[in-house]
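Put together the whole structure using the sequences plus the hints.
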Amino acid sequence: MPFLKPINKMKRLIVLLSCCLLLQLQMQAQPTLSWEMLAEVKLESKHDEQARAFYSQIVPSEAVRKLDGKMVIVKGYMLPMDVKDGYYILSAFPNSSCFFCGAAGEESVIELKFKGSPRTYKMDEVVSLKGRFRWNQKPFELPYILEEAEPYP
1 MPFLKPINKM
11 KRLIVLLSCC
21 LLLQLQMQAQ
31 PTLSWEMLAE
41 VKLESKHDEQ
51 ARAFYSQIVP
61 SEAVRKLDGK
71 MVIVKGYMLP
81 MDVKDGYYIL
91 SAFPNSSCFF
101 CGAAGEESVI
111 ELKFKGSPRT
121 YKMDEVVSLK
131 GRFRWNQKPF
141 ELPYILEEAE
151 PYP
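With the working numbering as the guide, the letters of the sequence shown map in order to residues 1 to 153.
These are computed hints drawn from the structure, not numbers from a lab. Among the clues, some could well be false.
Below, in silico cross-link-like pairs of lysine-lysine (BS3-like), each with a Cα-Cα straight-line distance of 25 Å or less [stated by the list, open to error]:
{"no.": "1", "residue 1": "66", "residue 2": "130"}
{"no.": "2", "residue 1": "115", "residue 2": "66"}
{"no.": "3", "residue 1": "115", "residue 2": "70"}
{"no.": "4", "residue 1": "113", "residue 2": "130"}
{"no.": "5", "residue 1": "75", "residue 2": "115"}
{"no.": "6", "residue 1": "46", "residue 2": "138"}
{"no.": "7", "residue 1": "113", "residue 2": "75"}
{"no.": "8", "residue 1": "75", "residue 2": "42"}
{"no.": "9", "residue 1": "113", "residue 2": "70"}
Here it is as structure tokens:
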């Protein structure tokens, strides 16, 4: 039946285009960074010659180290540090049980560096953010940073 040939070609074209679209969407997807992943750490003792001090540095799991420099999505509690300057920390826990209160480790917080000026966030506001994940190895600073951070739908 010759009139079915154009229909079969259209079906193949639609399937091919659908596959291409799905592949492109999958390639653009950012991994979700979980607090459980960030909590898998080892501590290494280090010495800073300039500061003449010993300190413990967090060394995350291989899976987390592989995400260094990659775009990720993470959900947590906002902790405003300096609202005027737009300085915020994202925490796995609310303020009452966070790292700064001594109730959790430093692997439970992420320093945020926003893409542009952030809106004003409330203490303990639960948000999802997208940004470039960094494992910070500088002494006396937080071990995790989310650069180019922006709200994620």
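When the hints from earlier in the document are held up against this structure, which numbers fail?
none
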